[in-house]
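Residue numbers (the numbering used here), protein chains in the order written: chain A, 277 to 556; chain B, 15 to 118.
Don't read these hints as lab results, they were simulated from the structure. For each residue, glycine too, the CB sits at the ideal point set by N, CA and C. Heads up, some of the hints might be wrong.
From chain B, some residues computed to sit far from chain A (all C-beta separations above 10 Å) [what the hints assert, rightly or not]:
{"#": "1", "residue": "Pro-60"}
{"#": "2", "residue": "Arg-87"}
{"#": "3", "residue": "Met-89"}
{"#": "4", "residue": "Glu-102"}
{"#": "5", "residue": "Glu-105"}
Taking lysine-lysine and the DSS-like style, the derived pairs with C-alpha atoms no more than 30 Å apart in a straight line are [what the hints assert, rightly or not]:
{"#": "6", "chain 1": "B", "residue 1": "Lys-54", "chain 2": "A", "residue 2": "Lys-495"}
{"#": "7", "chain 1": "B", "residue 1": "Lys-44", "chain 2": "B", "residue 2": "Lys-54"}
{"#": "8", "chain 1": "A", "residue 1": "Lys-287", "chain 2": "B", "residue 2": "Lys-44"}
Ranges between beta-carbon positions, derived for each pair [claimed, not checked]:
{"#": "9", "chain 1": "B", "residue 1": "Tyr-74", "chain 2": "A", "residue 2": "Ile-414", "range": "20 to 30 Å"}
{"#": "10", "chain 1": "A", "residue 1": "Leu-317", "chain 2": "B", "residue 2": "Ser-47", "range": "21 to 31 Å"}
{"#": "11", "chain 1": "B", "residue 1": "Ala-41", "chain 2": "A", "residue 2": "Pro-525", "range": "33 to 43 Å"}
{"#": "12", "chain 1": "B", "residue 1": "Ala-45", "chain 2": "A", "residue 2": "Glu-481", "range": "34 to 44 Å"}
{"#": "13", "chain 1": "B", "residue 1": "Ile-113", "chain 2": "A", "residue 2": "Ala-339", "range": "49 to 59 Å"}
{"#": "14", "chain 1": "B", "residue 1": "Ser-108", "chain 2": "A", "residue 2": "Glu-323", "range": "42 to 52 Å"}
{"#": "15", "chain 1": "A", "residue 1": "Gln-417", "chain 2": "B", "residue 2": "Glu-82", "range": "31 to 41 Å"}
{"#": "16", "chain 1": "A", "residue 1": "Leu-536", "chain 2": "B", "residue 2": "Glu-72", "range": "29 to 39 Å"}
{"#": "17", "chain 1": "B", "residue 1": "Gln-67", "chain 2": "A", "residue 2": "Leu-366", "range": "41 to 51 Å"}
{"#": "18", "chain 1": "B", "residue 1": "Ala-41", "chain 2": "A", "residue 2": "Gly-492", "range": "26 to 36 Å"}
{"#": "19", "chain 1": "A", "residue 1": "Gly-320", "chain 2": "B", "residue 2": "Glu-72", "range": "33 to 43 Å"}
{"#": "20", "chain 1": "B", "residue 1": "Arg-81", "chain 2": "A", "residue 2": "Gly-517", "range": "55 to 65 Å"}
{"#": "21", "chain 1": "B", "residue 1": "Ser-108", "chain 2": "A", "residue 2": "Arg-328", "range": "17 to 27 Å"}
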Amino acid sequence: MTSPDLTCWLKTAAHGLPTAAAARLCAELTDHYLDAYEYALEEGLDEATARRTALEALGNARALANEYQHTYHTRRRYRLAAVVGMSYPLLYGFSVSFNESVAGHLAFNLALFLPLLYIVYGFKTLLAVRPHGAPLYIYEQLIHTGIVAVSVPRLFGWVIYHRPLIAEATTRSFSDIHSFSELLMNAIALLGLFLIAGGFLLLGERALRVRESLYGLLKPSAVLGLVCGVGLGVYAIGTLGNNTLVRGPAEALAVMSGMLSVVVWSMIFFRAQGEIRQVA
Amino acid sequence: MNMKGSLPLLILHVLGNGPAHGYRIAALIKAQSEGVLDFKEGTLYPTLHSLEQQGMIESYRELENGRERRYYRLMAAGQASLSAERAEWEEYASAVNTILRGLA
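Next up, chain A with everything else stripped away, as it sits in the complex (with noise of 0.2 Å):
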């Protein structure tokens, strides 16, 4: 049995929380109250007293929200890259489809540094002690400094001679590079891919160990982790060969699968956020 006071004390601790983790955290908490709760009433308290005892222990609500944006991403963190996930593919296919104009290469520019606006974005987080020293998932660790990787050797490039110079984000190829400079920007990008791939291929194996069933998309989250993965992959190999054969359809299979994963996990987020409307 719990109380209006308690659902009003989740509301508050669990704010801004991803959805899932409030599923969770509000699921644990109210099954603690109710524990508490019950060992009240058989202490020989009042049904009142006995809830207002139960919710005090649990401390106070805004001092806990503090404390659990600490240790879990912010839902405001999730939607950003949410939005940063469908853009990337969005402008990289506008801009391919205009390559000859100047939108097409506006678009194409945004692409290229989106990713690495979302990485200062969350510096903050990424440097945050979390509670207890809790490191991040190494999928974490390679697809951020992957990103990294990619996008600044592009930068210098677009700083310097006003395009990316990066041999696998124009028609370039390794074979057209003419300074150990060039080669040394498109080996760190190109190490940049591969540790993307890696991430990618680590995330979509560890989906596939998670006991909870990701609201029925276990699978295809886990899948399209692991195509994604091998897509790009098999892109950088290509562009390592500069072979078109296998770059183009690899990158397009990457790109539509990423696409793909992030419906697939808006759909786990809706789904998270119907199952917290059920727990309130």
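Keeping the supplied structure of chain A fixed, place chain B upon it in accordance with the hints.
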């Protein structure tokens, strides 16, 4: 008494004696410290989730009195961490006690 920082060690210790859900972990910590280590029980869950992320413990669902509960149990990495942290804590406490006795 403020127990910030020692909560993960205490959780690992409690789970070293067998699986338990959040409420039981909180109750055991309070009972075994005879009420000295009192804490806001809502703070327990982020710590539990962090320990799970680190692979120290794992959670599973089990029915208890007709209600599905999330239980936690110690993993091998958690057992190793518990031994190391316990030794560290004992060394630290012993050093502080030595100083306090010397200055008394």
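Hint check:
The Cβ of Pro-60 (chain B) does not lie farther than 10 Å from every Cβ of chain A; its closest approach is about 4 Å, which violates its non-interface assignment. The claim that Arg-87 (chain B) is not at the interface with chain A holds, since no C-beta of that chain comes within 10 Å of its own (minimum 13 Å). Its beta-carbon lying about 13 Å from the closest one in chain A, Met-89 (chain B) satisfies the requirement of being farther than 10 Å from that chain. Under the 10 Å C-beta cut-off, the non-interface status given to Glu-102 (chain B) relative to chain A holds; the minimum distance is some 14 Å.
Once the 10 Å rule is applied to beta carbons, Glu-105 (chain B) is consistent with being away from chain A; the minimum gap is 19 Å. Proposed proximity of Lys-54 (chain B) and Lys-495 (chain A) is contradicted: the alpha carbons are some 38 Å apart, above 30 Å. Taking the CA atoms of Lys-44 (chain B) and Lys-54 (chain B), the gap is about 11 Å. The hint holds against a cut of 30 Å. Annotation: proposed proximity of Lys-287 (chain A) to Lys-44 (chain B) holds, straight-line Cα distance about 27 Å (limit 30 Å).
For Tyr-74 (chain B) paired with Ile-414 (chain A), a C-beta distance near 23 Å keeps the hint of 20 to 30 Å intact. Evaluation of the 21 to 31 Å hint for Leu-317 (chain A) and Ser-47 (chain B) yields a pass: the beta carbon distance comes to about 24 Å. The supplied range of 33 to 43 Å is broken by Ala-41 (chain B) and Pro-525 (chain A), whose beta-carbon atoms lie about 59 Å from each other. At about 41 Å, the CB distance of Ala-45 (chain B) to Glu-481 (chain A) agrees with the hint of 34 to 44 Å.
Checking the proposed 49 to 59 Å range against Ile-113 (chain B) and Ala-339 (chain A) shows it is violated: the Cβ atoms sit about 33 Å from each other. The hint said 42 to 52 Å for the Cβ distance between Ser-108 (chain B) and Glu-323 (chain A), and at roughly 48 Å that hint holds. For Gln-417 (chain A) and Glu-82 (chain B), the hinted distance range of 31 to 41 Å is satisfied, since their beta carbons lie about 34 Å from each other. At roughly 30 Å, the beta carbons of Leu-536 (chain A) and Glu-72 (chain B) sit within the given window of 29 to 39 Å.
A beta carbon spacing of about 32 Å between Gln-67 (chain B) and Leu-366 (chain A) contradicts the range 41 to 51 Å that was offered as a hint. Checked against the hint of 26 to 36 Å, the pair Ala-41 (chain B) and Gly-492 (chain A) passes, with Cβ atoms roughly 35 Å apart. Between Gly-320 (chain A) and Glu-72 (chain B), the C-beta spacing of about 37 Å keeps the proposed range 33 to 43 Å intact. Hint check: Arg-81 (chain B) to Gly-517 (chain A), Cβ distance near 59 Å, so the stated range 55 to 65 Å holds.
Take Ser-108 (chain B) and Arg-328 (chain A): their Cβ atoms lie about 42 Å apart, and the range 17 to 27 Å is violated.
Of the numbered hints given earlier, the model fails hints 1, 6, 11, 13, 17 and 21; all others are met.
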